[in-house]
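> Given the sequences, and given the hints that come with them, work out the whole structure.
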Amino acid sequence: MLFDKIIIKKMRELNELKGMLFYRGGEYREDIINEIKYIVGDLEVLIEEQREEFRARTKEFTLEELAMYDGRNNRPAYVAINGSVYDVTGVQGFMNGQHFGVKAGTDATDNFRRCHDNKREMLGDLRIVGVLRQ
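According to UniProt numbering, the sequence shown is numbered sequentially starting from 1.
Among the clues, some could well be false.
Distance condition first, Cα-Cα at most 20 Å in a straight line; then the derived EDC-like pairs of lysine to aspartate or glutamate [as the list claims (entries may be wrong)]:
1) K37 / E53
2) K37 / E16
3) K103 / D87
4) K9 / E44
5) K5 / E48
6) K59 / E48
Just so you know, the hints here were simulated from the structure itself, not pulled from any lab data.
Right, dumping it as C-alpha coordinates:
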(Lines of atoms letter the chains of each structure in order from A and count residues from 1; the text may use other names and numbers.)
(Lines give C-alpha, C1' and ligand atoms only; values in the text may rest on other atoms or scores of the structure.)
Protein backbone atom coordinates (compact mmCIF):
# COMPACT_ATOMS: atom_id res chain seq x y z
CA MET A 1 0.00 0.00 0.00
CA LEU A 2 1.34 3.43 -0.94
CA PHE A 3 0.40 4.99 2.39
CA ASP A 4 2.44 2.39 4.30
CA LYS A 5 5.47 2.90 2.04
CA ILE A 6 5.35 6.67 2.51
CA ILE A 7 5.04 6.33 6.29
CA ILE A 8 8.00 3.93 6.39
CA LYS A 9 10.07 6.31 4.26
CA LYS A 10 9.22 9.25 6.51
CA MET A 11 10.05 7.25 9.64
CA ARG A 12 13.44 6.31 8.16
CA GLU A 13 14.09 9.97 7.43
CA LEU A 14 13.20 10.85 11.02
CA ASN A 15 15.51 8.17 12.39
CA GLU A 16 18.35 9.42 10.20
CA LEU A 17 17.78 12.97 11.41
CA LYS A 18 17.71 11.82 15.04
CA GLY A 19 21.11 10.22 14.48
CA MET A 20 22.42 13.40 12.88
CA LEU A 21 21.12 15.43 15.79
CA PHE A 22 22.94 13.15 18.21
CA TYR A 23 26.25 12.99 16.34
CA ARG A 24 26.44 16.41 14.71
CA GLY A 25 24.26 18.68 16.83
CA GLY A 26 26.02 21.99 17.37
CA GLU A 27 25.80 24.36 14.45
CA TYR A 28 23.47 22.05 12.49
CA ARG A 29 21.04 21.58 15.37
CA GLU A 30 18.55 24.25 14.26
CA ASP A 31 18.45 22.99 10.65
CA ILE A 32 18.00 19.38 11.75
CA ILE A 33 15.18 20.30 14.14
CA ASN A 34 13.45 22.29 11.39
CA GLU A 35 13.71 19.31 9.04
CA ILE A 36 12.24 17.04 11.74
CA LYS A 37 9.34 19.48 12.18
CA TYR A 38 8.76 19.48 8.42
CA ILE A 39 8.62 15.66 8.27
CA VAL A 40 6.33 15.49 11.30
CA GLY A 41 4.05 17.98 9.53
CA ASP A 42 3.99 15.71 6.47
CA LEU A 43 3.11 12.75 8.67
CA GLU A 44 0.27 14.68 10.30
CA VAL A 45 -1.18 15.52 6.88
CA LEU A 46 -0.90 11.90 5.70
CA ILE A 47 -2.55 10.57 8.85
CA GLU A 48 -5.37 13.10 8.66
CA GLU A 49 -6.03 12.16 5.02
CA GLN A 50 -6.20 8.48 6.00
CA ARG A 51 -8.54 9.36 8.86
CA GLU A 52 -10.84 11.25 6.46
CA GLU A 53 -10.89 8.33 4.01
CA PHE A 54 -11.67 5.94 6.84
CA ARG A 55 -14.55 8.13 8.04
CA ALA A 56 -15.98 8.29 4.52
CA ARG A 57 -16.01 4.48 4.25
CA THR A 58 -17.14 3.76 7.78
CA LYS A 59 -20.67 2.86 8.75
CA GLU A 60 -22.22 4.70 11.67
CA PHE A 61 -24.19 2.64 14.18
CA THR A 62 -26.77 3.84 16.67
CA LEU A 63 -27.06 1.77 19.86
CA GLU A 64 -30.30 0.35 18.45
CA GLU A 65 -28.59 -0.72 15.22
CA LEU A 66 -25.64 -2.15 17.12
CA ALA A 67 -28.02 -4.28 19.21
CA MET A 68 -28.98 -6.22 16.07
CA TYR A 69 -25.41 -7.59 15.87
CA ASP A 70 -25.66 -9.75 18.97
CA GLY A 71 -24.09 -12.94 17.56
CA ARG A 72 -27.26 -14.98 17.97
CA ASN A 73 -29.06 -16.94 15.25
CA ASN A 74 -26.06 -16.75 12.89
CA ARG A 75 -25.90 -12.96 13.07
CA PRO A 76 -22.50 -11.25 13.27
CA ALA A 77 -21.29 -10.20 16.73
CA TYR A 78 -20.21 -6.56 17.09
CA VAL A 79 -19.19 -4.54 20.14
CA ALA A 80 -18.43 -0.85 20.50
CA ILE A 81 -15.32 0.21 22.40
CA ASN A 82 -14.24 3.84 22.71
CA GLY A 83 -16.54 4.83 19.85
CA SER A 84 -15.28 2.23 17.35
CA VAL A 85 -17.40 -0.79 16.42
CA TYR A 86 -15.47 -4.07 16.21
CA ASP A 87 -16.44 -7.38 14.64
CA VAL A 88 -15.98 -10.06 17.31
CA THR A 89 -17.71 -12.80 15.31
CA GLY A 90 -15.89 -16.06 15.94
CA VAL A 91 -13.65 -14.58 18.63
CA GLN A 92 -13.18 -17.07 21.42
CA GLY A 93 -15.64 -16.26 24.16
CA PHE A 94 -18.14 -14.50 21.90
CA MET A 95 -19.37 -17.73 20.35
CA ASN A 96 -22.71 -17.42 22.12
CA GLY A 97 -22.83 -13.64 21.84
CA GLN A 98 -21.29 -13.11 25.25
CA HIS A 99 -17.76 -12.85 26.67
CA PHE A 100 -17.34 -12.81 30.47
CA GLY A 101 -20.65 -11.02 30.85
CA VAL A 102 -20.07 -8.61 27.96
CA LYS A 103 -22.84 -9.01 25.43
CA ALA A 104 -22.30 -8.59 21.71
CA GLY A 105 -24.43 -5.82 20.26
CA THR A 106 -23.59 -3.39 23.06
CA ASP A 107 -21.21 -0.59 23.96
CA ALA A 108 -18.56 -2.50 25.92
CA THR A 109 -16.32 0.50 26.63
CA ASP A 110 -16.73 0.49 30.42
CA ASN A 111 -16.18 -3.26 30.70
CA PHE A 112 -13.12 -3.06 28.44
CA ARG A 113 -11.62 -0.28 30.55
CA ARG A 114 -12.23 -2.19 33.78
CA CYS A 115 -11.04 -5.59 32.57
CA HIS A 116 -8.18 -4.62 30.28
CA ASP A 117 -7.01 -1.22 31.58
CA ASN A 118 -8.09 0.25 28.23
CA LYS A 119 -5.12 -1.43 26.46
CA ARG A 120 -5.87 -0.68 22.81
CA GLU A 121 -3.28 -3.15 21.55
CA MET A 122 -5.69 -5.91 22.57
CA LEU A 123 -8.02 -4.67 19.83
CA GLY A 124 -5.38 -4.81 17.09
CA ASP A 125 -6.53 -8.08 15.56
CA LEU A 126 -10.19 -7.09 15.44
CA ARG A 127 -11.71 -5.63 12.29
CA ILE A 128 -13.28 -2.19 12.71
CA VAL A 129 -16.64 -2.17 10.98
CA GLY A 130 -17.84 1.28 11.94
CA VAL A 131 -18.24 3.93 14.57
CA LEU A 132 -20.82 4.46 17.25
CA ARG A 133 -23.00 7.49 16.55
CA GLN A 134 -23.15 9.69 19.64
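> Let me make sure I understand: some of the numbered hints might not hold for this structure. Which ones are they, in numerical order?
Violated hint: only 1; rest satisfied.
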